[in-house]
Amino acid sequence: MKTPIPHIVAKDVVKTVQLTESELTILQDIHLTINQGATVAIVGASGSGKSTLLGILAGLDQASSGEVYLAGQPLHQLSEDQRAELRARSVGFVFQSFLLLPSLTALENVTLPAELAGMPDARVRGLELLAQVGLSHRADFFPNQMSGGEQQRVAIARAFITKPAVLFADEPSANLDSATGEKIEDLLFELNEQQGTTLILVTHNHELAQRCQYRYLMHAGHLAAEQPKATEDKRHVG
Amino acid sequence: MWGKIAWRLFWRELSRGELWVIAFSLFLAVLTVVSLSGITESVRSALFQRSANFVAADLILRSSVAFNEQVQQQADQLELQSARQVQFNSMVFAKDLMQLVSIKAVSAEYPLRGQLKLSSSVADPTKTASLQQGQLYLENRLFSLLNIKVGDSIELGEKEFIAAGVIVEEPDAPLSVFGSSPRILMQLEDVNATGIIQPGSRISYRLMFAGAQQQLGLLETQTKELLGPQDRWQKMDRESAIGGALDRSERFLLLSGLLGIVLAACAAAVAANRYSQRHARSVAVMKALGATTSLSRKIYGSHLLFVVIFSVGFGLIAGQLLVLLSQWGVAFWMPEYLAEFSVRPLALGMLTAAICALLFSARPLWRLAAVPALNVLREKPDQVKFDVVHLASGSVAIWLLMWLFSGDIWISSWLFALCLLFAALLMGFAALLVRIAKPMTAGQSSALKLALANLRRRLWPNAFQLITFSLALFLSLLLYFLRSELLDQWQQQVPQGAPNQFLVNLTDQDKTALQQLAKAHQLRLTEFYPMVSGRVLAVNGENFADEATKEKPEQRQGVGRELNLTWLNHLPDNNKLESGQWFSTDTKAEVSVESQLAERLQLKLGDQLQFSVGGQLFEAKISSIRKVDWNSLQPNFYMVLSPDLMQGFPATYITAFYLDMSEQELLNQIVRQFPTVSLISVDTILKQVNDIIAQVSVALTFILLLVFASAVLVLVAQVQATLEQREQELAILRTLGAKSTFLKAALLYEFAALGALAGLFATLLAEVLLAAVQQQFFDLPYSPHWNLWWLGPVTGVVLVTTLGAWQVRGLLKMSGSTLLRRALQN
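Chains as they are written, first to last, in the numbering used here: chain A, 134 to 371; chain B, 579 to 1404.
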């Protein structure tokens, strides 16, 4: 059996924010190891700190203390720009509210990360991905001309264009009706499987979480592992 | 790579209308600067060219001692054209008759500007002639005064000359409407032979120069050290009607141009803020997708750069076109005008754009790039905080622009402080009013109450909006009222039917004959002012110095020439007593002095002045100081004596009347009937003043339009800045069941209330400033502006409501579901 490679590692991660008179702890002693190609769900109620954790793991934010490694790089030691460059190379995102740039067409939104990373065949690859998400006919449409489901499909295509090693998805189907939401989830898992991407999914939807190999429960800043879906190596648990 | 993304985003934003307000604001600022400074420069150069014709040169150095040869050398080095002139008074003799004349001896190069027309025939001015050695050309009336004809010989000093003809037109003839001795023109080389110039003679030496503006400027600065107290550069006369009109219009244009630019810059700042707020999400997304802060800065910074290039390009072209148009207009009323291309307005326009862009608009875009990538995970991104640096950089920019445009650090600092004070006052007022509105918003719901509640809830953004609305309205109102007042004032100076023909040197017999002639032709003669020439010798027994001397610097300097003295029982119409009492019927030996002269000679009430008239000395006590309107084109006098003093002096008289251009033939008749009387027509001067007024009024209307356009831009930018928030609120209210008509009414009330408040503040400010500006800047009397009090608030309500409703019309048309969907998406 092939030895899994740890892809994301968090050690003793703490996140606090300074309020006017006191200090609020959002994340407490987080330990986590995620292997390459794994699908992981972080579940929790609103305000439990799951999005904060996603931000830290993706290098969008920094922990107050502790160490975080992404694709072998120590995020806690990198500057903001170095983290941005790492994201450009290795990370993809799908957000709850799609977050497409309103002044760019569907195709241009998809190719934007590739262009930022300086990839040469962005347009060809963008058209391919739009075809894969079933939106070839919408390539020149602007976000406000598309439905919510279509916008999220564009966002998924955008997330995969740089062939990222890790994909972070923040409540990808929360803003959609259940039928459309399911289609989007299918698409996400399908592309993820095709590309062998590590998927970290933040959701409060337990059904969606069930589709992941590993699930963690976030509660009041603490992270706890739920039982794995199948027989899995437990080393991923921090 | 980033260039491609930046360019694509730029075009998309441009077509979505996001950048237009910034672009148009910068365009307006550049257009205003280029056109205003260009047009002012054209008008100034036209007037300079014209006034150069009046003094026969571009620049004149006058001296009472001798030609300043060092200055001449410097001028030669600068390759300026030059000519020389000597002026003095002397007696001429023809057989047994003699006459005091004013003589002008000129070098061959004279005149450098304008035209000298001489004729060899008294009756026919078209028989052109040129000045030769041994010849004198005489003013027409001298031929009858001396009883000679062309070709006769006359004596001047020790030399005999031929009276070769008449002076038809000389460019630097005195424009004064007062009488002067008859004039004679001769060659400079002949002067020595007359033996008139002796040590101590009263002579005026004039070095005349002409050439490029820059070289002339250099000559003035390079020769500063070479001038003695007796040397004086002759400038365009600021006290003349033309000089005064130009002076006022220049100040006014600068001041109002500044207002438009500051407004446009504010609109650009507000629009840049909104742009940056609207793109905060996009920047966060790009940064999450791997863009660094510096890359985001390049992308969004380049948008501003593209806008600046675009706006400056169009602004420069449009501004220059307007300048060309104005030059064409100038050439229309002044055919000899030579239009000059000047780089200065263009450079000034680019500098203004740079200041506006860097200090007003760059800061929000700089901050935009610093939006954290983490914002993608936040449902509600951070509200953009109040930016002290932006406020500070904007303020510095306003001050810099004021300085750049007024060229005066004090005026700019003063204006700037005033603006700050107004802003603080308005902020306080707004806060107070919104607080007062609180109890009114309690209780049952109505559209009006919702509107008031909305105003209250957005207290600080509204206070800021109120300030900008008020300032925008205030500037437009101020300009509108100042413009009409200035124009009225100017028109009054040259009223229809104002005297345009002056008759000088009338004797008592002429007076009677002229009155008969006037009666026959229905001419309305003004008063006959008696006149004698005299000198003011001393005050309280202390002699005045004729010229500034190094030997006795403490000695008070006198007028240095003869004054025309008159005596009157009553105060002339256009004179105002500043202090003292006017003569009564039994007044003895008193004099009334013009206020500026009194100041120059340091005279005060009660001082005893000694006069010399025709060799006789007498004294008079200063009993009043008068303010004289020198622009009035009426006979004006520095000294008016009490009538008792002048009994027995042989006086001549001056009078004036209005004659329509179509009745010019009558003038010839008068000249023939009264050969010893000088007729001075001020038609040309009046026409010039009218022309300037017409030009300036066009320029003012243009500026008013610019300021108004800028004000509208500020309003648009401000309302746009609140659109997102309004959209969300509308979505909520619609979802909660509020009817479209109710919401529409609430929105309209809100804008109307803002407009009314802004209009009221604007009116208050405009009234205060109108009073101050009228009295301090333009020297006009203050009177309240009743029209302003309804026009201000009404304009405020109509303008703000219309613009506001126009901008939110899209929102109001949206269905509840569309609003909700958009609100959720955002």
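Derived by calculation from the structure, the hints in this document are not laboratory data. Just to be clear, a hint being listed does not mean it is correct.
[What the hints assert, rightly or not] List of simulated lysine-lysine pairs, DSBU-like, C-alpha gap at most 35 Å:
no., chain 1, residue 1, chain 2, residue 2
1, B, Lys1182, B, Lys1199
2, B, Lys727, B, Lys1027
3, B, Lys1205, B, Lys673
4, B, Lys876, A, Lys296
5, A, Lys316, B, Lys1199
6, B, Lys1154, B, Lys1199
7, A, Lys296, B, Lys1089
8, B, Lys737, B, Lys876
9, B, Lys1391, A, Lys316
10, B, Lys727, B, Lys695
11, B, Lys705, B, Lys727
12, A, Lys296, A, Lys316
[What the hints assert, rightly or not] Pulled from the structure, derived: some chain A residues nowhere near chain B, Cβ distances all over 10 Å:
no., residue
13, Val147
14, Thr153
15, Ala221
16, Ser236
17, Glu248
18, Glu261
19, Phe274
20, Glu340
21, Gln346
Since the structure is predicted, the reported quantities are computational estimates derived from the model, not experimental observations. Glycine residues also receive a C-beta, built at the ideal position from the N, C-alpha and C atoms.
Cross-check of the supplied hints:
Distance check on the hinted pair: B:Lys1182 and B:Lys1199 sit about 10 Å apart at the alpha-carbon level, within 35 Å; holds. As the CA atoms of B:Lys727 and B:Lys1027 are separated by approximately 95 Å, the hinted pair breaks the 35 Å bound. Note on B:Lys1205 and B:Lys673: the hinted pairing is violated, with a Cα-Cα distance of about 47 Å set against a maximum of 35 Å. Distance hint between B:Lys876 and A:Lys296 is fulfilled; the C-alpha atoms sit about 26 Å from each other, no more than 35 Å.
Pair hint A:Lys316 plus B:Lys1199 does not hold up; C-alpha atoms about 108 Å apart against a cutoff of 35 Å. Proximity of B:Lys1154 to B:Lys1199 is assessed by CA-CA distance (about 19 Å); at most 35 Å being required, the pair is judged to hold. A C-alpha spacing of about 108 Å is found between A:Lys296 and B:Lys1089, which places the hinted pair above 35 Å, so the restraint is violated. Note on B:Lys737 and B:Lys876: the hinted pairing is violated, with a Cα-Cα distance of about 85 Å set against a maximum of 35 Å.
Between B:Lys1391 and A:Lys316 the CA atoms are separated by roughly 34 Å; this keeps the pair inside 35 Å, and the hint holds. Pair hint B:Lys727 plus B:Lys695 holds up; C-alpha atoms about 19 Å apart against a cutoff of 35 Å. Among the hinted pairs, B:Lys705 with B:Lys727 is consistent with the structure: their alpha-carbon atoms are about 15 Å apart, no more than 35 Å. Using a Cα cut-off of 35 Å, the hinted pair A:Lys296 and A:Lys316 holds, with the two alpha carbons roughly 21 Å apart.
Taking the minimum C-beta to C-beta distance to chain B, about 17 Å, the non-interface status of A:Val147 holds against the 10 Å cut. No Cβ of chain B approaches the Cβ of A:Thr153 within 10 Å, the least distance being about 16 Å, so the stated non-interface status holds. At roughly 2 Å from the closest C-beta of chain B, the C-beta of A:Ala221 falls inside 10 Å, breaking its exclusion from the interface. Non-interface call for A:Ser236 relative to chain B: violated, since the shortest CB-CB distance, roughly 4 Å, does not exceed 10 Å.
Listed as outside the interface, A:Glu248 is inconsistent with that label: its C-beta sits roughly 6 Å from the nearest C-beta of chain B, within the 10 Å cut-off. Chain B leaves A:Glu261 outside its interface by the beta-carbon criterion, the shortest separation being 19 Å against a cut-off of 10 Å. Its beta-carbon lying about 13 Å from the closest one in chain B, A:Phe274 satisfies the requirement of being farther than 10 Å from that chain. Its beta-carbon lying about 22 Å from the closest one in chain B, A:Glu340 satisfies the requirement of being farther than 10 Å from that chain.
Distance check for A:Gln346 against chain B: the nearest CB is about 24 Å away, which clears 10 Å, and the non-interface claim stands.
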